[in-house]
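*Asks:* The primary structure of each chain is shown beneath.
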Amino acid sequence: MAPYFVTGKAMKITIINGNPSNAGGGFDAFLERTAGVLRSPDWGGHLVREIKLRELNIKPCVGCFGCWFKTPGLCVHKDDSAVTSKAVVNSDFVIHASPMIMGFTSALMRRAAEKVIADLLPYFHIIKGEVRHKWRYGSRAPAMGVLLGKEDDSDEEDLDIVREVYRQLALETQTELRFVLDSNSSVHQVANAINAD
Amino acid sequence: MRLTLINGSPRRGRSNTEFLFKLFLEGFESIEGNSSEIHYIYSKDWPERGVEVFSAAECVLLGFPLYADAMPSKVMALFESLKPLCGREGNPDILFQVQSGFPEAFHSRPVERYLARLAGKLGCRHIGTLIKGGGEGIQVMPEKFTRTLFENFRALGRCLGESGELDRALLKEVAGPERISLVGRMKLRIFVAPPVNRHFNAVLKKNGVFDQRFTRPHQA
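Taken in sequence, the protein lines are chains W and Y. Per the numbering used here, numbering through the first sequence is continuous, rising by one, with the last residue being 197. Per the numbering used here, numbering through the second sequence is continuous, rising by one, with the last residue being 220.
Same shape as in the complex, but just chain Y (with noise of 0.2 Å):
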């Protein structure tokens, strides 16, 4: 099978999105046979190429980080430019991939739900969408934290090379939380909001603005 990943992040190959994309790969490419290629929408010539190189693509996962509770502008730009593609004969395969830095999963699922109508509206077969909560920090937390996230990624990279599917246990597995739980979230205030805000302050301060982290700029 040939994967075309189409990375939905404003951060291009630095971003999570693509992080998690190598990692899937990782595990789809160990199957013989498949191969792959990598597209930005934030680049120049995107959405309007966004149109060529679906129409080409036998199967196709659209990543992106969560933006005010939904796809970025530029995704959103790319979708509006699919519509004279809906309903197409031979549209490929699709599967989604949203991270975003809340640890809680619920936070993606209305633009989970919002996907899985648009592969409908364009007559692809929609194959799931892999949420990741907590995205912000993984390419720099210890090793320790991540190695099972990691672990599932390349595993359901490895379950759509060999199957065609995602496995739902592993979905669900990498979402992380739905919500956090009262013991959680004292835990997350005692011992992960601190010294995150701690480290906000510190970027603030070497900035020279730890003062105006307050300000309303546009209050009349």
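This is chain W alone, in the form it adopts within the complex (with noise of 0.2 Å):
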């Protein structure tokens, strides 16, 4: 496939590995294949930088709202929720990626993905007619894409589901989901609708 993307700006770009284990390996060397890709400089030249879930100690949300009310936009738990809250609110682009277990985005995934509240203000705005919190880092959270590590039953009613919540996600945050594939997908497609603009 050809790159999409010849001259342009570099971007930014967080892999976020929701990975919860890399037995097998395949998820794991499909994300690391990706990320060789969007670093080369053909494809873009890009800032490719890949986080581990499973290397982190994220603690669950407990709903307390100490991030908007007591030490706004950190986490009071102490824990390394910080280290991807600093990794996507200074990119371009954030690739949330997970084999899916059940049908859905791993637990691990879905313990950084509610600590998202940390950076959204706790204000509440009616924005395209519908009610959400701003995002506390200027007007827009980075673009987003999902990448998908299907199980023997995933189908596409199954990604779909997915997409619809990361659609809602990324309108939560201001920003556009830019594409929901499958590791069955070619590394050139996926930095090709990154790089689409």
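Derived from the structure by calculation, the hints contain no laboratory data. Hints may be right or wrong, so weigh each one.
Using 20 Å as the maximum straight-line C-alpha spacing, the simulated EDC-like pairs for lysine to aspartate or glutamate come out as follows [stated by the list, open to error]:
#1 W/59 - Y/80
#2 Y/44 - W/79
#3 Y/121 - Y/93
#4 Y/121 - W/151
#5 W/59 - W/79
#6 Y/121 - W/157
#7 Y/172 - Y/151
#8 Y/83 - W/153
#9 Y/121 - W/153
#10 Y/83 - Y/93
#11 W/150 - Y/80
#12 W/86 - W/50
#13 Y/83 - W/157
#14 Y/22 - Y/37
#15 Y/187 - W/130
#16 Y/121 - W/152
#17 W/70 - Y/211
#18 Y/22 - Y/167
#19 Y/22 - Y/165
#20 W/12 - W/92
#21 Y/172 - Y/104
#22 W/128 - Y/178
#23 Y/121 - W/156
#24 Y/121 - W/160
#25 W/134 - Y/104
#26 Y/22 - Y/143
#27 W/70 - Y/136
#28 Y/83 - W/152
#29 W/86 - W/55
#30 Y/22 - Y/136
#31 Y/22 - Y/32
Work from the hints to combine the two standalone chains into their complex.
*Replies:* See the structure below:
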């Protein structure tokens, strides 16, 4: 496949890897190949950082709202959620990557996802006719894409459900969901989806 | 019927999820012979213990608050642990309850779609999902705003207790509006958002961090 992107500004891309275990190795290897292509000069020469959630200690959100009202923007619980937040808010593009388990992204992925609340402001706003919280770090969160590792029984309906949830999450952070692809896609297809503007 | 309620809120017993459970149970247990038990996913021995609780149940009501547009992480961890039970003979019937602080029900629809799919994967008879938007303040709102909602939750509990089903019209009613009309949005903007936002500011001031409310601690 030819690169869609020939010249342009290199982006800071963060891959959040929510694979709970590298047993089998296929999914992590796919992400490494994706990162490799995105870093290559022909495909944008992007600055790519991968964060393996399983190597971090991210505690579940307990719904205390401390990150809004006690230590604005910071989780009050001592864990590594600042690592993902720092990477995300300073990126141009974020890839949420997870194998599907029981038809959804992993619980590990959810743990990072639910911490997004610290990166939002508490106030209610009506944006495009819908009640939302505003992104704390400017007018919009980085654009996002989702990479899924399919299960044996995954079908279009499963992928579409994840797509719908992430579309909501993108709207919630005033950004766009650029793609939902699975690891049977070619890494070049992923790169093109990111580079297409 | 014995109903096994599984509370997927980190706030456990003081959660809105629990509050709605209790209303539902008032109706459910008003039918003779019905009984219930409540378990909490945010407990030390969960989600592991969830497999045992789920396997032994006749009918499960699993409730949780909407977190980042879907289920909280420990609820997903429970779903992961249930994988070995997919298609097992004798899995319980299941219904769900999703409550969110957003006034519109549409925020909860994608996860509702997932839950129906999950029930299918497990081979559970899926009874339905109770969606409740605007659920954050229900425990402190004046009674006149919540009377109908509370009655409807009791009625849904009674309905399950009597027939093993949920009344679709009542489900629609408790969910509230899917989207808010233009007039509704104007009212929200004028009458709801300002006092709520003022309350937020008061809390920020009380905690001595009002001037940091827009801070961006992770900006490079």
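*Asks:* Run the distance test for residue 22 of chain Y versus residue 37 of chain Y: straight-line Cα separation, threshold 20 Å.
*Replies:* Holds, at about 11 Å.
*Asks:* Are the Cα positions of residue 59 of chain W and residue 80 of chain Y separated by 20 Å at most?
*Replies:* With Cα atoms ~17 Å apart, residue 59 of chain W and residue 80 of chain Y stay inside 20 Å; holds.
*Asks:* Need the status of pair residue 22 of chain Y, residue 165 of chain Y: alpha-carbon distance at most 20 Å?
*Replies:* 18 Å, holds
*Asks:* Tell me if the straight-line CA distance from residue 83 of chain Y to residue 93 of chain Y falls inside 20 Å.
*Replies:* 16 Å, holds
*Asks:* Would you mind confirming whether the straight-line C-alpha gap from residue 22 of chain Y to residue 167 of chain Y stays at or under 20 Å?
*Replies:* 18 Å, holds
*Asks:* Does residue 160 of chain W lie within 20 Å of residue 121 of chain Y when you go C-alpha to C-alpha?
*Replies:* Holds - the C-alpha atoms of residue 160 of chain W and residue 121 of chain Y are around 16 Å apart, at most 20 Å.
*Asks:* Sort out whether residue 152 of chain W lies within 20 Å of residue 83 of chain Y, counting only the CA atoms.
*Replies:* 13 Å, holds
*Asks:* Holds or violated: residue 70 of chain W with residue 136 of chain Y, Cα cutoff 20 Å?
*Replies:* 19 Å, holds
*Asks:* Check the hint pairing residue 121 of chain Y with residue 157 of chain W against an upper bound of 20 Å on the C-alpha distance.
*Replies:* 12 Å, holds
*Asks:* With a cut-off of 20 Å on the C-alpha distance, tell me whether residue 187 of chain Y and residue 130 of chain W pass.
*Replies:* 13 Å, holds
*Asks:* Are the Cα positions of residue 44 of chain Y and residue 79 of chain W separated by 20 Å at most?
*Replies:* 18 Å, holds
*Asks:* Are the Cα positions of residue 172 of chain Y and residue 104 of chain Y separated by 20 Å at most?
*Replies:* 12 Å, holds
In this structure, none of the earlier numbered hints is contradicted; all agree with it.
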